[in-house]
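Full structure from sequences and hints, please.
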Amino acid sequence: MSAIKLRVLERLREVIEREVKDLRGNICAGPATRDHKLSFPSLSIVPGRFTFVPHQADERDHVRDEDRSFGPRTAVLNVGTWDGVVELRLGEKTPRRRYALEHELEQVFLGNADGTAPDAKDIAGAGWMRPGIIVIDVPDCDNARCAFELDSDSWEDEKVFSNKWYSSMRVRASIPALVRAKGIPDMDTVILQLTEDLETAVADIPTADIEAVQVSEDGTTSPV
Amino acid sequence: MPGPFSTTNPSEFSRLEGVYIFEKNPPAFIEGVSLGTVGIVGQTLRGPVDTPILITSAQRFEEVFGQRSYFGQSTSVNKVREFMMNKPFGARVIVRAAAAAAATAEMDFDESATPRINVAASSPGAWGNDLTVAIEAATDGDANHFNLVVNYRGEQVTYENLDVTAGNDNLLDTIGADDANLVVVTKLSDGRPDNATAAALTDTAGSDGTIADSDYTATDRGINQIKGYRGVGIVAVADRSTASIKSAMHVAAQASSDRLFLIWNGNHAETAANVITDAASYRSDRIVYCENSTQTFDFDVSAKVEVPPHSWMASILSQTDADVNPGEEATKEFTAGITDLRYENRTREDYISLKEAGVASLERDEAGGFLFVSGVVNDLTPGLTQITRRRSADVLQLSVANRLRYFVKKKSTLVNRSQMLAEVVAFLSGLRDEERIVEDFEVLQTSTEAQRAQGQERILMRVKLINHMLSIILETEIGGTVILRDAA
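Chains A and B supply the protein sequences, listed in that same order.
Residue numbers for the first sequence follow our numbering, so the first one is 221 and each next one is one higher.
Residue numbers for the second sequence follow our numbering, so the first one is 4 and each next one is one higher.
It is possible that part of the hints are untrue.
Listed below are the simulated SDA-like cross-link pairs for lysine to any residue, each with C-alpha atoms no more than 20 Å apart in a straight line [as the list claims (entries may be wrong)]: (1) B:Lys413 <-> A:Thr415; (2) B:Lys358 <-> B:Glu331; (3) B:Lys307 <-> B:Thr342; (4) B:Lys413 <-> A:Asp438; (5) A:Lys402 <-> B:Ala453; (6) B:Lys467 <-> A:Thr415; (7) B:Lys413 <-> A:Ala401.
Source of the hints: derived by calculation from the structure; they are not laboratory data.
Since the structure is predicted, the reported quantities are computational estimates derived from the model, not experimental observations.
Right, here's the structure in full:
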């Protein structure tokens, strides 16, 4: 378990909390804090094992930072994904009430049949790719875009005790593996060159045959 | 309801209800930037000096820069008006040139010998002597307020209920600061000026002074106001064309990366040989040296006037796409206002010599109308001689630059660089598919690692431009002994 994955699960918690009112304040993502109180109803988001799947070299992508700065000469590189399983462990006093909560939780993932949010609610930062998958951006993780997919179609009641307080559902999680790349320069100078020579190798084109202008931020140009 | 009105001036649409026919070239698949705005420097009757002002209609031009001549006089002083006469333009940016010593007519208006307001003509020049100003009782009946009545050539403007009493000054709010205003009124002290009958502004008489080259070429004057003005694609000086002014245009052209500069000899009667010699001093592929002055009819005085040839080139370039040769048959509609040329008897050899010297010369077409024989720039470098080549390259560079500006200062990441390339490729592909400007192309990122580390990103566009059929050769073999064979 890593701090990054914990933040991702916290974000999933926020999404579920927004949609399932009865669980507000009673969701624990990852290890519980010391002062966490057990109560009913409750939901635990329990991370399972994650496997790192690396990207091919030409699949590695730089995360955009159009509106945010990752710091001077710093970019965030997506080198692969962490694929794993997350268990949603739901507890409620009576089966009937638990079944109702199970349905609400499923609805968070399924959304509407046309892929829109359930009841057209706007869950900030969450979207639906298709019924069964929710996609969440995690701002404080370099805008990591994570996906959670329902892995099974039914809740499993706990099998140990005669009083079945809990049921669980598996959710497949896909979290991008991000690394910070330092030494990425800013494009302070953008130079646009134009030549009508399509035959000569680029390195051999005479300088006089290439027009070059520098592009400024307001779109004006100046000769280079 | 009046019938459909054909116009090439979009500002006409809102002037009167009705149906308008506005025919224009169909846009390319991806629209590039427009190079059709003309920047004109020259003497006018009045108007702000050394200030670029966007003009989109003849009416607006007259409102700001005045009419042909001074009231009651016949001599034309509005040279920019002459430049634009009888030819269509799109948007124009006008910079009035005036002598540094030109004086502004003005006068103080007193209250019991204490000056309360100063009324001045809105710009320098002798035109201000045609203004009369009166002070009258205010429309609202307040004894402390007054109306200012301005009369200029029969046009009367009344500014009502002006107030310059203690703590008050509504002059700017009431009169405004429009470029077409006739007067500027300044509060001098608290009070209310005495009523006065209409009188000219005589404390200082308006005068034009003596115009000089420096009024066009000095820092922040004339040419230097327009040479870099954003959005202008064509620059011309309406009237004066001395060596100093042509040199200033040449210097500006060499420092420019986005517009053409039109010049002419300056002497309507100059011979072709002297024009050829003169042109050699201003070599640049951003200079278009035009030749063969023209006569056109001035309807205000019902007489022909001689106007320089580059005015017609400015009209053609402002109304046609970048890949349209200024000598095409279709450009005759823009030279329809020409009645005669200074030199109607030029020979073929004359035009060859002028073309080889980088001069674009007007001729009377045997089929009727007038054309620029050779649409050439004043650069003799092979491959760089055509105006269409220069304008097409400008459209490509400026359109792409307009997209790439969003990447300046962005991180040099694979995503950003890939997007830059994709944008450029998409733009050029669109033009190629529409068979406009681009016949074939290749786009490359050519920055070395060292350059990239220094924050420099280079994109190279290799573009084969669509050629123009400058010469069409019709081979004929006609005679009784011709043997016809099947085509191979």
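Comparing the hints with the structure gives:
1. B:Lys413 <-> A:Thr415: Violated, at roughly 26 Å.
2. B:Lys358 <-> B:Glu331: Given pair Lys358 (chain B), Glu331 (chain B) holds - Cα atoms ~16 Å apart, limit 20 Å.
3. B:Lys307 <-> B:Thr342: holds, 8 Å
4. B:Lys413 <-> A:Asp438: holds, 14 Å
5. A:Lys402 <-> B:Ala453: Holds, at roughly 16 Å.
6. B:Lys467 <-> A:Thr415: Roughly 8 Å separates the two Cα atoms, so the pair holds.
7. B:Lys413 <-> A:Ala401: holds, 15 Å
Going through the hint list in order, the structure does not satisfy hint 1, though it satisfies all others.
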